[in-house]
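Two chains, two frames, some hints: make the complex.
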Amino acid sequence: MAQSAHDRRRINGPEESFPPIFDDDDEDITLNTQRSRAPGDIRPIFLQPGLISQANGSAYIETEKTKIACAVYGPRQSKTTTYSEKGRLNVEVKFTPFSCTRRRAPMRDAEDRSIGVAIHQAIVSSIRLELFPKSTIDVFITIIENDGIEGCIASGSLAASTALADAGIEMLGLVASCSAAIVGDEIQLDPSEAEARASTGSVILACMPALDSITSIWQSGQMSADMALKVILLQLNTRCIDIHSIVAQSLLEHRKSN
Amino acid sequence: MASISKAEKAYIQSSLLSEPPLRADGRGLIDFRTIALESGIAPLANGSARVSIGRNAQDGGGGTEVLAAAKLEVETVSDGEGVDGGRVVCSVSCSPTAYPLLSPNALDDLQHDMTSVLNATLSHPTIRPKNLGILPGRKSWLLNLDVIVFSDAGNIFDAIFMAARAALWDTKVPRTKSVQYRAKKGDRSDATQAMDMDVDETAHVGSALDTRQSIQVSDFELPDYWDEGEPLDGKQAWPVCVSLNLLPTLHFLDATLQEEASVPLKLLVFYSFPSDATPLLRGMRLLGTGVSDLVQTKSLLKDGEKYARNVWVALEGKLKDEDLRRNQKARERFLNR
Chain A
0 MAQSAHDRRR INGPEESFPP IFDDDDEDIT LNTQRSRAPG DIRPIFLQPG
50 LISQANGSAY IETEKTKIAC AVYGPRQSKT TTYSEKGRLN VEVKFTPFSC
100 TRRRAPMRDA EDRSIGVAIH QAIVSSIRLE LFPKSTIDVF ITIIENDGIE
150 GCIASGSLAA STALADAGIE MLGLVASCSA AIVGDEIQLD PSEAEARAST
200 GSVILACMPA LDSITSIWQS GQMSADMALK VILLQLNTRC IDIHSIVAQS
250 LLEHRKSN
Chain B
0 MASISKAEKA YIQSSLLSEP PLRADGRGLI DFRTIALESG IAPLANGSAR
50 VSIGRNAQDG GGGTEVLAAA KLEVETVSDG EGVDGGRVVC SVSCSPTAYP
100 LLSPNALDDL QHDMTSVLNA TLSHPTIRPK NLGILPGRKS WLLNLDVIVF
150 SDAGNIFDAI FMAARAALWD TKVPRTKSVQ YRAKKGDRSD ATQAMDMDVD
200 ETAHVGSALD TRQSIQVSDF ELPDYWDEGE PLDGKQAWPV CVSLNLLPTL
250 HFLDATLQEE ASVPLKLLVF YSFPSDATPL LRGMRLLGTG VSDLVQTKSL
300 LKDGEKYARN VWVALEGKLK DEDLRRNQKA RERFLNR
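Chains A and B, in that order, are what the protein sequence lines are.
Residue 196 in numbering that gives the first Met the number 0 sits at position 197 of the first sequence, and the numbers go up by one each step.
Residue 323 in numbering that gives the first Met the number 0 sits at position 324 of the second sequence, and the numbers go up by one each step.
The following block holds chain B by itself, in its conformation from the complex (with noise of 0.2 Å):
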């Protein structure tokens, strides 16, 4: 994304491949600069985080700044894209701060490729949360997760996917009662109800032989408009991504704008580590100009689980803080006020 000439490529390249490896903020291959992450940062959303990789100590400024925010709304199953059981949708916007150089159509392109690698991973049917749907058949949840990028200062991945998944993470879904409307019959005391989904039609007035069809469930309400519902599904699911940049012979982590620049060749990783099961790899591009070979890929994705576990067991501890600090905290602060 920086344009940068010649002479600076090849004198990134030289110290990187030089005897120790040489970054220009002095950090080794495989280090990450500082990250920076805090949830329930948008009220009005369901779940948000924000992310920065790369925070000035001084002024909190600079560095890679990521927001998601995820959101519910409820859509009809049947006709349009809706589908049984809910769907996520993501998309990523680029704000014109973080990319002040581009054309708007190239910051559009740009703000395109990114939303596609982001959907292609989390909207994947095979990574589906199973309490996204309402009435089966009828309606479901739809779950937004907008991504803003406000400045890039490389890695953008990176901090793309842990907002994402600290968002997702962080999202409640409203607990949903199904309701039924029956008209009123003579001897029947009680007209419309609200009943569980489960709960079995009583007596059925009439006939035995009655072929009419039952009255099926219709419409939902939300029992508790206060409630902020139910912890979202699939939180072993959600991936973390590792940017490897790749040079012939070495490849080294979140890389600057300049590293980025300096580099022909990306490869995007994206695990999941369930508790109990292996890991999952949910994703993997290459991009970039160079090319790569199968000896090296293999030996890439073996070093990008590995890097992935930490930042997932990292990312972990500090999303279960957040949730300590929101709530548990939260309540005891008020307790000793």
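So that you can see chain A by itself, here it is in the shape it has in the complex (with noise of 0.2 Å):
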């Protein structure tokens, strides 16, 4: 009775199914892990402010095949009636059925939560809570194609940074966010998917440059204690210093337009 149908809205398919099998998937796996870039280069980020007209701030990031929607609502009176006397800050995010190679249930998972904590981790410094007691700003993150993990948290906490620059919600910084991960002995800058699961070790880093502080470092997977630790952040920290100018650009270019 409770197997049939999970999902009462929708129409669901046959309960086992998988991805259809193509004759040259073996020859895609190979290349994919070849990278057409240097491994100290990013993949180019295109980040749009101002996308979805009735929230309060809103941005689009793509980066070759990560793309990610973010909206911005408040600050708006918290539904619970526990007083804060700082606002807080709710990071939802939702991985479209679409966005995955296998078709994933549209009913919130286990991992679209670590992705909000993270991205909460990542952006929770630099706003400036305490100028909204008894408000929640909610932010509402789409992921509507997925490159990897690791890409899926460092362009989501840039979008969410310039949703809400976009929203005029008064920050501390604006906060860059890159991923690395180590293959062999090299370092590989902003991962692909299948760079990432061929990796030993990732690193994501959000950090605010301007005021030269970091704000989440996440790392998994193994690494010689400090020597390529050190080095990744050096990297990495150099690399949101870019990141930064970017997106300080792209609400610029925005505000300008408007």
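Any given hint could turn out to be false.
As the list claims (entries may be wrong) - Below are the DSBU-like pairs computed for lysine-lysine, each with C-alpha atoms no more than 30 Å apart in a straight line:
| # | chain 1 | residue 1 | chain 2 | residue 2 |
| --- | --- | --- | --- | --- |
| 1 | B | K305 | A | K229 |
| 2 | B | K301 | A | K229 |
| 3 | A | K133 | B | K5 |
| 4 | B | K297 | A | K229 |
| 5 | B | K297 | B | K265 |
| 6 | B | K234 | B | K265 |
| 7 | A | K85 | B | K265 |
| 8 | A | K85 | B | K5 |
| 9 | A | K133 | B | K8 |
| 10 | B | K8 | B | K301 |
Honestly, the hints are just simulated from the structure, not real lab data.
As structure tokens, this is what we get:
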């Protein structure tokens, strides 16, 4: 009874379904892990603020195969009755069902929450929450196409920070975020999904370059204690400074054109 | 987690920043509370351990208490999420008695956050143990590591990872033997046999030009039902966690709930120390509403490695003691009864 239709709002397909297997699948896999750019290059970022008109602030970010839309509503009254002296930041992430190679169920998933927590950690220290008591700022992130979790978290943090700036919410600085993966002895910045899966470790760094401060570090996998990590942090830090200028520029252009 | 007033927060911060630093229980900045560990506490699990930090000496209550148990199940590699060579899946569940003031939704969220930290570190492909495969390409072991938090008095992540490491150290993987079924041929005397995986098939009945697919190994069995098995591989790989609570000018370890609530930023570092190689950083997380910077992060990593090494050495000593207690000494006691 409970097994037949998990989702009563939609017409469910067969319970077990598998993606089709194509003859030339093997070749594709080997091609993907070969990088077409230098290890220190990140994929070009397209960032457009002001995408969703009904939200207080919004942004759309696209880097090759990662497409994320972000909308910010707030500051608005907190639904909860408990008094909070500082404002609350609520980050909700949703994957669209067509964002990954295997269809994701539209229901909220465990992975959604961990990405939401990571993005929350990246941006919460940049917002002046003490100016909004009893209020909530809602950040809704929709991942339209997904090319690796590291890319999603990094691009999602960028989109969220841009959307918050677009909404006119007071912040201490813009948050720039970048990821890196270690493949063998090489450090590759901004890995795609195939590269991240082939790597032995990955780092996602979120920082505020304007204040020279780090808001979030997420490292997983194995690395020789500080050697590789220090290099990554230095490389990521310099990359984040470049990304910061991209974000600032796109916000300025958007304001000028309005 | 504990809600704390601004006055109390300021009180704790100023006493930590004073010269010399003062903590409510008189500890130094890098002193841990008493840690108690016992392994093999869940006889039905393949490996288990219980860790408590800061237990009262008088009545054995209070403090952070965590239980970890590893259970193996067989899964098929071809469909679903099975991986050739086996995999590890971790989960943390928080007992409502540990967090009586949290709503069920908030408890779920907390549980989920702890699970994702544990999973991201211990289920990573680079740390996967080597003896979790059964039939290559077909069947493998799925190791479910379940951690239960019974009570939280601060420093929960250190306790969770210590318990996880101890449970995985204690885990024994049952030995399997692959089985091949052969149809009865004319002059062959025996039908179904069990044979070792790497022994080649002897004279093939029929001509050498026979291109039919040779019969594959199709199933496995446990040669000895009562044998617990061989120890899980990778004892040197499972990391320990050190939570460094950060104030702008100093850091301290093993915080109580009130101290955790007074500190804006926390850094979790996960280190493993293989016996012959350089220490490996297996994970790092910055948690909280504060900010750090490059210089502080670098020095914290160095300090974190030092603290982690102390925890590692102490934990390993205790785990070896536990092994002795449960095996050798138990046998001696039995013989001398």
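Results for each hint:
1. Using a Cα cut-off of 30 Å, the hinted pair K305/B and K229/A holds, with the two alpha carbons roughly 17 Å apart.
2. Taking the CA atoms of K301/B and K229/A, the gap is near 11 Å; set against the 30 Å cutoff, the hint holds.
3. A hinted pair counts as satisfied when its Cα atoms are at most 30 Å apart, and K133/A with K5/B qualifies at roughly 17 Å.
4. Restraint check for K297/B and K229/A: the C-alpha separation of about 7 Å stays at or below 30 Å, so the hint holds.
5. At most 30 Å may separate the alpha-carbon atoms for a hinted pair to count; K297/B and K265/B meet this at roughly 15 Å.
6. For a cut-off of 30 Å, the pair hint linking K234/B to K265/B stands: about 27 Å separates their Cα positions.
7. Among the hinted pairs, K85/A with K265/B is consistent with the structure: their alpha-carbon atoms are about 20 Å apart, no more than 30 Å.
8. The hinted pair formed by K85/A and K5/B meets the criterion: a straight-line CA distance of about 12 Å does not exceed 30 Å.
9. The suggested pairing of K133/A with K8/B holds, with an alpha-carbon distance near 21 Å, which does not exceed 30 Å.
10. Only pairs whose Cα atoms come within 30 Å are accepted, and K8/B paired with K301/B is accepted, the gap being roughly 28 Å.
In summary, the structure agrees with every hint in the numbered list given earlier.
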